[in-house]
Amino acid sequence: MTDELIRAVAQADTPANMVTAVQNLAAAKDVAAIPTLIAVFGYNNPSAATVAAAALTEMGEIAVPQLLSQIDDYNYGARAYSIRTLAAIADPRAIDVLITAAATDFAPSVRRAAAKGLGNLHWHKLEPADRETALKKALETLLFISQDSEWSIRYAAVVGLQALAKIPDLQQPIRTRLDQMLATDDEKAIRARVQLAI
Amino acid sequence: MNEPSASEYSAENAPQLTPELALANLQSPDLSLRYYAAWWLGKFRVSHPDVVDALIAALEDEADRTEMGGYPLRRNAARALGKLGDAKAIPGLIKSLECHDFYVREAAAQSLQKLRDKTAAPALIKMLDGGVAQAVQVMGRPHLTQPYEAVIEALGAIGATEAISLISPFLEHEVPGVQCAAARAMYQLTQDPVYGDRLVKTLSSSDLKLRRLVLTDLGAIGYMAAAEAIAIAQVENSFKLIALKGLLEHQLIPELDVLSVSDNAIQVMNLMDSLL
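As you go down the protein sequences, you meet chains X and F in turn. Be aware that the first sequence starts at 2, since it is given in our numbering, and climbs by one per residue. Be aware that the second sequence starts at 3, since it is given in our numbering, and climbs by one per residue.
These aren't lab readings, by the way, just hints derived from the structure by calculation. Wrong hints could be hidden among the right ones.
Stated by the list, open to error - Distance condition first, Cα-Cα at most 27 Å in a straight line; then the derived DSSO-like pairs of lysine-lysine:
| id | chain 1 | residue 1 | chain 2 | residue 2 |
| --- | --- | --- | --- | --- |
| 1 | F | Lys45 | X | Lys189 |
| 2 | F | Lys90 | F | Lys45 |
| 3 | X | Lys189 | F | Lys85 |
| 4 | X | Lys167 | X | Lys126 |
Claimed, not checked - Using C-beta positions, here's what the derived DEER-type ranges look like:
| id | chain 1 | residue 1 | chain 2 | residue 2 | range |
| --- | --- | --- | --- | --- | --- |
| 5 | X | Ile63 | F | Ser240 | 28 to 36 Å |
| 6 | X | Phe145 | F | Asp199 | 41 to 49 Å |
| 7 | F | His50 | X | Gln24 | 53 to 61 Å |
| 8 | X | Ala55 | F | Lys203 | 22 to 30 Å |
| 9 | F | Ser240 | X | Ala184 | 52 to 60 Å |
| 10 | F | Lys45 | X | Asp73 | 30 to 38 Å |
| 11 | X | Thr105 | F | Ala135 | 51 to 59 Å |
Glycine residues also receive a C-beta, built at the ideal position from the N, C-alpha and C atoms.
Looking at chain X on its own, in the form it has when it is part of the complex (with noise of 0.2 Å):
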C-alpha cells in the first residue's frame, strides 16, 4: 500500500499530481513514507514541501533521526523545510544540527528556521547534565547571531531568545541582551519585535 504510494510520488509527472501524490502519502501516516516525505523537500515544489513538512512533523519524534541523517548540504531550499521541520517536532537531539545552521549557514532561510528553533527545543527530555549545557549552548549561539548584519537574522535571533526566556536560570542574561538590542539597533521592526519579546 505505501509502497504503491510512494512510487506515484515518483512517477508525479506535474507540479499538481505531486502535491496530490504527497498528500495521499501523508495521509498513510506509515513510517515507511519518512525517507520519500524528505526527498521532496528537494522537488522545488513548495506545496507538495509544506504538506511534506506537516506530514514529518505530525509523526514527530520517530522522525528525527532520519531528518537529521539525510539534511540536504547542496540545496539549501531543502535544507530550510528540514530544520523547519524539526524545529516544529522541537525534539532536543536535533541541537547541534540547529546550532551549526543558525551559526553557519550561508542561506538566511535557513539561519531564521534554526534561530527560532533553538528557543522552543523540549529541554525537559533531557538528562540534567546534559540539559544544561544544551542550554548554555544554545543561549550562546542567539545572542551571537542576534549581532548579525542581517536584519531577519536578528529578528529570528529575538524569536528564539524570547522562547528561551521561558527558562528562569536565562531570563536574565537575555534581558540584558533584548534592553541592549531595544536602544541600539537601527532597525524599527527589530525594536518593536524586542518591545513584544520583553
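Please build the complex by placing chain F on the supplied structure of chain X, with the hints as guidance.
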C-alpha cells in the same frame, strides 16, 4: 540591464577598498576602478561630504562610455547617491533625469524616490510627457522610452498629488510592472484602498517575478489590509518578510520610541514569526 549588477561582485575578486581608497579611485585612470568605487561607496554607505561631492561630480563623467553611448560611471554614481541620503545630491540627480542614457535616468529616478524631495516633481512629471501612448518599447532595446516604473514610484513616494491625473492612465499600461508602479503611487497619493487591493489581487498572478515585485510594492506602501495575503503568497519567505517589515514600519511611525506596540503591529509580527 546590460551591465553587471551589484550582486555579481564577490568579495574574492573585488579589490579590497577603504573609504579613502574608494574616493581616490573615483579619479583613477582605470575606468573599471572608478565604476567599482562608485558602487562600493554606495554599498557601504560612505556618506562623508567629500564622497558625496565626488559622486555628484561623477554624474557629469564623460570618460566612461559603453559602445551604445551609455554612461556606466554616471549610473553607479546616481545609484550610490540614493543610498547616501544627502539632499545635496538632488539638483544633480534632477539634471540626470535628462541624460540620454536610459539607465542613468532610471537610477536617478530611483534615487530621487529614496531622497523624497518634492523639488524633483516637475522634472519627473515631464518624463510622463505623451502619456501611455508614448510609453512604448524602444526598438532593439529591452526597455521603454522612459523608466516609467521608477518615475511613477518616485512621484508617489514624494507625494506629488499634482501628478495623479497623469499617473492614473498608467494603471492600464501593457507592462504589468508599470501597472503595479501606478497602483502603488495612486495608493500613496490618494490612500484609496482600491489601489492597494489591485496590488493584492496581483499577488495571485502566475508570474513569480511579478508576485515578488508586488510584495515590494505592498511593503513600500505599508498596506495593512494585505498582511494575511502576503503571508500566504506563493513566494519565498525572504520576500514576504521584507514586505511585512514594510507594513510593520508603517504601523510604528506614530509611536516611534514609545514602549508599546499596536494590535496591528502585533498581528504583523505574529505573521513574520510564522515565516521564520
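Could you tell me which of the hints above the structure violates, numbers in ascending order? Violated hint (a single one): 9; every other hint is consistent with the structure.
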